[in-house]
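For reference, the chains in residue letters:
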Amino acid sequence: MKQLKAELTFLRALTAVNLSSAMEYRASFITQIVGMFINNGIYFVFWLIFFNQFGAVRGYEMDDIYLLFAIATLGYGIGFMFAANSGANLAYLIAQGRLDYYLVLPRNLLLHVIFSRMSVSTIGDLAFGVVAYMFTGRFHPLDILLFVVSSVLAGLMFVGFSVITGSLAFYLGNARYLSQQLTNAILTFTLYPNTLFSGLARFLLFTLLPAAFIGAVPVQVVKTRSGLLLAGLFGAVVVVWGVGTAVFYLGLRRYESGSALNINI
Amino acid sequence: MRMQWRSTGVKYGAIMQTNLQNQLAYLWDAMGRAVFILLIMYIFAQLWTAVYETRQTPDIAGLTLANTIWYFLLAEVVELGKFRHDQAISDEVKDGSIAYTLVRPYNYLAYHFANGLGETAVKMFLVFVLGAPVALHFAGLPTVNVAHLPLVALVMGLGLLVDFCIASMIGLMAFVMEDTFSLRLIYQKLIFILGGLLIPVDFLPDWLQRIARVLPFNLTTYAPAKLFVAFSWAQFWQILLLQMVWLAILGLLLWAQYRWATQRLAVNGG
Numbered sequence: 000m001k002q003l004k005a006e007l008t009f010l011r012a013l014t015a016v017n018l019s020s021a022m023e024y025r026a027s028f029i030t031q032i033v034g035m036f037i038n039n040g041i042y043f044v045f046w047l048i049f050f051n052q053f054g055a056v057r058g059y060e061m062d063d064i065y066l067l068f069a070i071a072t073l074g075y076g077i078g079f080m081f082a083a084n085s086g087a088n089l090a091y092l093i094a095q096g097r098l099d100y101y102l103v104l105p106r107n108l109l110l111h112v113i114f115s116r117m118s119v120s121t122i123g124d125l126a127f128g129v130v131a132y133m134f135t136g137r138f139h140p141l142d143i144l145l146f147v148v149s150s151v152l153a154g155l156m157f158v159g160f161s162v163i164t165g166s167l168a169f170y171l172g173n174a175r176y177l178s179q180q181l182t183n184a185i186l187t188f189t190l191y192p193n194t195l196f197s198g199l200a201r202f203l204l205f206t207l208l209p210a211a212f213i214g215a216v217p218v219q220v221v222k223t224r225s226g227l228l229l230a231g232l233f234g235a236v237v238v239v240w241g242v243g244t245a246v247f248y249l250g251l252r253r254y255e256s257g258s259a260l261n262i263n264i
Numbered sequence: 000m001r002m003q004w005r006s007t008g009v010k011y012g013a014i015m016q017t018n019l020q021n022q023l024a025y026l027w028d029a030m031g032r033a034v035f036i037l038l039i040m041y042i043f044a045q046l047w048t049a050v051y052e053t054r055q056t057p058d059i060a061g062l063t064l065a066n067t068i069w070y071f072l073l074a075e076v077v078e079l080g081k082f083r084h085d086q087a088i089s090d091e092v093k094d095g096s097i098a099y100t101l102v103r104p105y106n107y108l109a110y111h112f113a114n115g116l117g118e119t120a121v122k123m124f125l126v127f128v129l130g131a132p133v134a135l136h137f138a139g140l141p142t143v144n145v146a147h148l149p150l151v152a153l154v155m156g157l158g159l160l161v162d163f164c165i166a167s168m169i170g171l172m173a174f175v176m177e178d179t180f181s182l183r184l185i186y187q188k189l190i191f192i193l194g195g196l197l198i199p200v201d202f203l204p205d206w207l208q209r210i211a212r213v214l215p216f217n218l219t220t221y222a223p224a225k226l227f228v229a230f231s232w233a234q235f236w237q238i239l240l241l242q243m244v245w246l247a248i249l250g251l252l253l254w255a256q257y258r259w260a261t262q263r264l265a266v267n268g269g
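The listed protein sequences correspond, in order, to chains A and B.
Mapping to numbering that gives the first Met the number 0: the first sequence position 185 is 184, numbers consecutive.
Mapping to numbering that gives the first Met the number 0: the second sequence position 59 is 58, numbers consecutive.
Simulated from the structure, these hints should not be mistaken for lab results.
Owing to the predicted nature of the structure, the values given are computational and were not obtained by experimental measurement.
A hint or two may mislead.
[Claimed, not checked] If we take Cβ atoms under 7 Å as the criterion, some of the chain A residues that face chain B in the derived model are:
hint, residue
1, Tyr91
2, Ala94
3, Thr182
[Said to hold, decoys possible] Derived contacts from chain B toward chain A, CB cut-off under 10 Å, selection only:
hint, residue
4, Ile39
5, Leu184
6, Lys188
7, Ile198
8, Pro204
For each residue, glycine too, the CB sits at the ideal point set by N, CA and C.
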């Protein structure tokens, strides 16, 4: 318990340093956040036009998109605002032999690495998620609570999956682009109605590319207020993190130092 | 004069060829990046099949489902293949290396154009080759008149020039902004809707179509994709005229911005 508290204090301090570092370039900080907010807004406009022109498609309506975007963007924001050194960045660090800096420090290696970078633009995602939720009209305290919990779980799922894809670099060498492609794939599938997919594609979205646990399932959790579904979502997050941790630490045995002069300020 | 033109052509041709060879040397790497088209084409095919099924209609705004799927392939070929030099310009401005590249014996923007052309050719080819089987699977062979293909290629080329001008202007904005990431993101998303990448311009509400058709965003992606699947002479001439007008406007703006930026550049030390 004491160790967990110490780790959390350390991660909080790490996040505070990352935030102050990002805010040093104030104009860039603000434009990145606003840019990402507008970026998400344009996707939103696409769906507004789409449903306005074509009506509901396989049971999906604009109300579902509001909730889907609210959870997916808030989850993405929560996840990568704090743990942006996952996915392609993690793959790059491994391939370049730049884990040495973290290996010599007496902290949890995986958490230290992934929390060492903050993605500023994801603050725009975070803000967008909150604004998108306003459009859903679900203001019952239980709905709000389920929305927040589901979004946090979606964020954990995003990061857990990115730990797996980034750790592939231990086994494949330069897995940076593969990791980037897989992250793009999970994000893309998340933001489309899952009712579009059937058969093998649907199976993959619940297993190898678990986009369903970031978009479709959390949406159902909020819509149906189902505790069982929430427990299932929690279970899926635990599985992905279990796999991610195993892939990372098993891969670490294959890690070779890059002997690169690495200065982290 | 003729000799000078010839040596200029040889110089930029060599730049293009070098990057083309570079891309071909790392073909697997380029293919790995182009694989995204498989995913996006699969999603688009599912989405628009569902739309046509729901509406129970053979065509929407004159486009059949097969037309729509091939339209998206062409639009993605342009989007995923087009120049990405704005980031390079922005980086050069930020790290100061632009001071060195500007004194080299070539025009800075022409260099980026020639350099990007080699890369674009490889990327567009790969995206098409990878995406075509998906389109074939869901839509069958496209109904294309081969005689129109050179005209589609012309529109595509001019569209890439329009995009080059806008992307260069975004890159050069690094002289006044610390980071051009947000501008790039917004431009990309304008292409998504007003450029017809996520939804063909013909499917937009009338009021938005009127706006989208006069803006330059549709000239890069929508224009060649639409002419590829449903060629009409009236639309071809209309697009060509608009491309000329926007190229003149954007070219002038880019030239002014480039002059202003290079005059503003202060190089200290050596």
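Status of each hint after checking the structure:
For Tyr91 (chain A), the shortest C-beta to C-beta distance to chain B is roughly 15 Å, which exceeds 7 Å, and the interface hint is violated. Residue-level restraint check for Ala94 (chain A) is violated (minimum Cβ-Cβ distance to chain B is 13 Å; threshold 7 Å). For the restraint placing Thr182 (chain A) at the interface with chain B, the shortest Cβ-Cβ distance is roughly 11 Å, beyond the 7 Å limit, so the hint is violated. Against a cut-off of 10 Å between C-beta atoms, the interface hint on Ile39 (chain B) holds, since the closest Cβ of chain A lies about 7 Å away.
Interface restraint check for Leu184 (chain B): the shortest CB-CB distance to chain A comes to about 5 Å, inside 10 Å, so the restraint holds. With 10 Å as the threshold, the beta carbon of Lys188 (chain B) comes within range of chain A, its nearest partner Cβ sitting at about 4 Å, so the hint holds. The criterion of a C-beta within 10 Å of any C-beta in chain A is met by Ile198 (chain B), whose closest approach is roughly 6 Å, and the hint holds. Because the smallest distance between the Cβ of Pro204 (chain B) and any Cβ of chain A comes to about 7 Å, under 10 Å, the interface hint for this residue holds.
Violation of the numbered hints given earlier is confined to hints 1, 2, 3; the remaining hints are satisfied by the structure.
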